[in-house]
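Novice: Using the sequences plus the hints, can you model the full thing?
The chain contents come next:
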Amino acid sequence: MKKSELYANLEVILELEPGTIRGDEELESFADWNSLALISFIAFVDGTLNISLSPQELQRAKTVGDLTNAVRAKIED
Amino acid sequence: MGAKIAAIEYALPIREVTNEELSLEYPEWTVEKIFNKTGIRSRHIAGSDETASDLACSAAEKLFALGRARKSDIDFLLYCTQSPDYPLPTTACLIQERLGLPTTCGALDFNLGCSGFVYGLALAKGLVETGSADNVLLLTGETYSKYINAGDRSVRTIFGDAAAATLISGDGATGEAIGPFVYGTDGAGAKNLIVPAGGSRQARDSRTAQEHRDESGCIRSENDLYMNGSEIFTFTLKAVPMAISALYEKSGITAESVDLFVFHQANKFMLDTLRKKCQIPEEKFVITMENIGNTVSSTIPIALKDAEDSGKLKKGMHVLLTGFGVGYSWAACMVEW
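Each protein sequence line maps, in turn, to chains A and B. In case it helps, numbering that gives the first Met the number 0 puts the first sequence at residues 0 to 76. In case it helps, numbering that gives the first Met the number 0 puts the second sequence at residues 0 to 336.
Everything labelled a hint here was simulated from the structure, so no lab data went into it. Where is the CB? At the ideal position from N, CA and C, for every residue including glycine. The reader is advised that the hints may include incorrect statements.
[Unchecked claim] Computed, partial: chain A to chain B, Cβ under 8 Å:
1. A7
2. P17
3. G18
4. L35
5. I38
6. I41
7. T47
8. L48
Specialist: Here it is, written out as structure tokens:
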């Protein structure tokens with residue numbers, strides 16, 4: 000999956016305008032980044048890549064880039 | 000003698016709490032946002048002096064009043080609840096007396112949440128098919144609202160109170176109308192859906208009553224229900240598809256030959272995600288929680304009853320049931336309607 004697809008889905012989850020996410024944003028800067036968004040992201044990655052991400056590892060993520068890296072690390076496992 | 004589900008009725012508290020009311024309390028969540036996140040528009044909440052057993056008795060009385068069962072025929076009562084009237088005696092004993100069931104009737108409580116109905120079916124099947132009982136009344140009743148802090152929107156938007164009464168009887172048939180079953184338990188997840196104080200491990204005191212606000216802004220104390228939604232979600236996403244695959248293997252039934260799938264009605268987002276992951280067509284999948292919410296052990300019997308009333312569930316259909324949640328505990332089974 001391309002980063003742009005991941006960003007586009009995050010924008011849907013976080014109810015942001017398309018093209019808003021560039022990759023270096025702090026997650027806490029998004030008003031809708033909460034446990035529900037976390038669940039939606041886990042479901043999206045599970046559904047599209049068949050990868051199980053644990054909430055604990057995602058809760059450590061500070062930026063969009065950290066989320067991307069968490070997904071990439073699983074692909075490379 | 001084969002056991003069969005002979006009848007289901009359910010009871011809801013009169014009071015409804017709508018998304019409009021909750022939105023007034025949590026202004027950052029609009030009416031539509033609550034619906035979009037949960038699939039729930041309103042939930043029924045028990046009155047301050049109304050218990051889960053009151054609701055369970057109402058559901059059972061409906062069953063008797065409609066002529067679906069006779070009190071004198073009930074020879075075993077199973078009551079699934081995590082909201083007993085007292086630490087002791089067993090609430091099922093109190094229900095036996097209130098309903099006027101025979102004193103020759105066996106009665107016991109069992110403490111399970113969202114998996115409880117499927118486990119109850121397994122127990123009832125065992126009683127009937129071993130000749131230990133002929134007519135088992137399985138009651139599920141829950142009032143999680145009494146464990147929920149008014150300031151905890153994460154659970155308050157989801158859970159509703161309810162009870163259901165299901166009659167399981169021997170029907171003389173030789174085929175298997177209930178079963179087979181697969182089960183699952185993982186106590187490592189206990190901490191993710193729990194009321195920490197109030198039992199023997201941690202008594203309630205002034206310290207456990209202290210409220211705190213979590214990082215999401217939800218307020219609760221250790222006397223209240225706590226749910227780690229993301230952990231529960233990931234557990235479910237893993238456990239339920241595995242249980243269903245195991246059930247296909249055990250029963251020899253293929254996904255295509257299942258007529259209807261009735262999952263524990265946790266919340267709409269979880270159900271949609273599970274449906275897609277398990278590759279279940281939308282028309283074979285029941286979602287019926289919009290005006291009821293997640294009623295824990297009663298969601299499956301309520302969904303079965305509503306599906307039958309709406310014509311979606313018909314006699315002879317092969318139905319796959321699965322319950323999953325607090326414990327962690329889960330189970331799945333086949334039922335021939």
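Novice: With reference to the structure, classify each hint as holding or not holding.
Specialist: Here is how each hint holds up against the structure:
1. Against a cut-off of 8 Å between C-beta atoms, the interface hint on A:A7 is violated, since the closest Cβ of chain B lies about 19 Å away.
2. With a least beta-carbon distance of about 19 Å to chain B, the hint placing A:P17 at the interface is violated under the 8 Å criterion.
3. For A:G18, the suggested interface contact is broken, since its CB lies about 23 Å from the closest CB of chain B, more than 8 Å.
4. Residue-level restraint check for A:L35 holds (minimum Cβ-Cβ distance to chain B is 6 Å; threshold 8 Å).
5. At a threshold of 8 Å, the smallest CB-CB gap from A:I38 to chain B is about 5 Å, leaving the interface hint in force.
6. Interface restraint check for A:I41: the shortest CB-CB distance to chain B comes to about 6 Å, inside 8 Å, so the restraint holds.
7. Hint status for A:T47 relative to chain B: violated, with the closest Cβ pair at about 10 Å, above 8 Å.
8. About 12 Å separates the beta-carbon of A:L48 from the nearest beta-carbon of chain B, more than 8 Å, and the hint is not met.
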